[in-house]
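Got two chains here, each in a separate frame; can you build the complex from them with the hints?
Now for the letters of each chain:
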Amino acid sequence: MRQVHLAAAVVAGSFLMACASVPPTADIAQAEVAVKEAQKEGAAQSSPLALRMAQDKLRLARELADKGEMVGSRRNAQQAEVDALVAAAEARRNEASEALEALEASVRTLEEEIQHDAR
Amino acid sequence: MTRVEHFAVTLSALTCVALWIGCASPTPLVVEQTRQSYETAAAETDTARHAAVQLYEAEKVVVRLESEAEEGSSEAKLDHLAYLAQRRIELARIETERAVTRERVKELSKRRDALLLEARTREAKAARGMAAAEAQEAERARREAEAAMQRAKQLERELKDLEARRTAEGLQLTMRGVLFAFDSDELQPGARTSLERIAEFLNGYPNQAVSVDGHTDSVGDETYNQSLSERRARSTADYLVAQGVARSRISVHGHGESQPVAPNTNEAGRQKNRRVEILLKDRGAT
Chain A
1 MRQVHLAAAV
11 VAGSFLMACA
21 SVPPTADIAQ
31 AEVAVKEAQK
41 EGAAQSSPLA
51 LRMAQDKLRL
61 ARELADKGEM
71 VGSRRNAQQA
81 EVDALVAAAE
91 ARRNEASEAL
101 EALEASVRTL
111 EEEIQHDAR
Chain B
1 MTRVEHFAVT
11 LSALTCVALW
21 IGCASPTPLV
31 VEQTRQSYET
41 AAAETDTARH
51 AAVQLYEAEK
61 VVVRLESEAE
71 EGSSEAKLDH
81 LAYLAQRRIE
91 LARIETERAV
101 TRERVKELSK
111 RRDALLLEAR
121 TREAKAARGM
131 AAAEAQEAER
141 ARREAEAAMQ
151 RAKQLERELK
161 DLEARRTAEG
171 LQLTMRGVLF
181 AFDSDELQPG
191 ARTSLERIAE
201 FLNGYPNQAV
211 SVDGHTDSVG
221 DETYNQSLSE
231 RRARSTADYL
241 VAQGVARSRI
251 SVHGHGESQP
261 VAPNTNEAGR
271 QKNRRVEILL
281 KDRGAT
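Protein chains in written order, with the numbering used here: chain A, 1 to 119; chain B, 1 to 286.
Pulled out of the complex, with its shape left as it was, chain B reads as follows (with noise of 0.2 angstroms):
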């Protein structure tokens, strides 16, 4: 072997060992970046529990990455492997993204369908609130109804002892007894008492027209009589204005001795025809 040859082979030996130590070490960068890649994304928590497998498929190609880097395989070929590498680990992330989605969607639905349950609990409870006042409202009118016809029957009870009756034009209240001092168009006090209750019965139908009339027996002169008869229909009218009865729905009449409703011939007799009678007119003979 020449110097020359020896020199040759010596600087061969020592290319070969400068490419070797090139190749080998240090790790080629895209090796190093995908291997950062992979660790990234396997740190996460949400990564490694959704997506465990997608993990492993990545770093069986990492590693392989990094088996063919050491073998000194060709930068096309560790280029080829990064890419799949990286892929590999983007695919982690996007079932990771999903995964986390669809638990998102699954607490959102049971937030929903409490929604919708409080909504409906809502709507039936105001159903339930406008019955219950509807009841209510009901149940007062029900009872203003009974008040208003238990006073009608009180008033009619008490207008029983004032002789009530029934005719073709309308209710008659009679007063009869002692109304007025012999002679006098002047009340009695024990008059007013009844008087007043049929004052009440009278403001109960304020829309009906009321007739006053005065009669008297046929002791004394029938003018005379007649304008007694018509005084005392006043001053019973007077009386009912006073309690409230308006003045417009009363007419009054006297009808002196005219009308006797018993025999003149006897006291008795003669007392029931010395009357008032008052006549509250049904709508349709007004």
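Same shape as in the complex, but just chain A (with noise of 0.2 angstroms):
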């Protein structure tokens, strides 16, 4: 009885290990990529809440990496991309709606001028 309740707990602490002791490379340099396409498509100024906190989960992903905490490490990161994936989204949404709001005022003016024009 004793016996079998060891090897099981050295099979779970050895498969916990291995979780936990692989750094996150992958979601990490995922969650950099996500960053930087949102920083182009200018979430800067855009959507910059979302930015933000993909920025900090990232730089926290890689502090506790360092650590060793790797559990931690891994969900940060796939947090910041995530994160850096909706202040893109954002920030190609913002641009069409102000397109958007342009054309509207061009038309409102053309309208305006073809009524003025027809009395």
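Partial selection, computed: residues in chain A whose CB lies under 10 angstroms from chain B: (1) A50; (2) Q79; (3) E81; (4) D83; (5) V86; (6) E90; (7) R92; (8) E95; (9) A96; (10) A99; (11) L100; (12) L103; (13) E111; (14) E113; (15) D117.
The hints are simulated quantities; they were obtained by calculation from the structure and are not laboratory data. We put the beta carbon where it would ideally sit given N, CA and C, even for glycine.
Structure representation (structure tokens):
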């Protein structure tokens, strides 16, 4: 009975060790790419909150990896990536909204001009 | 195994079962909420249409969250997966908003192009309308000028009948023939038609001075002929005034028998000399 317990503890422990000891390099790299992409889309102006969250979590992911806290590091890296994706998407959406507003203004002006001419 | 030991084993088994039930069922609230968010987003037509990929990515995370919950993963892990799922759902929503906005931009671009075309067409039409009005005005002016010229030509043709003659002083119209009865200053009916035409002609040049000169033949007393020529000139001038020629333009002169245009030795010559000349003075000569 005691041997079985020990064996189970060793298996579970080694499994946990494996998970916990490998740094989440791929997740951090993906988060870095996403943050850069968001910056390129102009998220710093257009969607500053989501971008800041992504940057903070990415930094935290690196710090935790250095400390050997791999689970926390991986989760922060993964969240940093989706935050950055949201920031980039918001930036693109806002750009489209601005284009629409400009277009609406120009159409309004044209309509007014034509109505004015028609009189 | 003692009774106490037996009790302890039973208790721990029951605890395990209770814990197991607690973990597996009911499903944690965060999992239900995440699934609910996903279903709400997926049910929207626009999202399904514009953000199919983002929805698919979101659902993958939701499914993983549900299976981790089944396996009794830690609350921290479930919260983490729920966060990822919520962000993926948000991505689908944002992408949908962008796609809808871009569709509206496309529609509005068409509308703007149509408006631009309309505005340009209107401008062109207005320009054409103005050009047409100008052309009409020019045509009207041309016709008026034409009509005035025709009228002037007509008058000049009529004046030829009146022996119009260009002199250094201006245009001289000579009225000959039976203008007056013998020894009378009263105009004969036949002379009136000619004078009316002359009056019309003179009225066409309202700013030019008119000189009316009476002449006689040499029959009779010279002083008397002088007086007769003056009376005839005056009578002619009066008639012109009655036809609308301003009196201030007209000067009246009698020359008696002093300026014959033909010999007084025969009747034909004498008739030529019994005349009234009307001079439309050139501007420089006034």
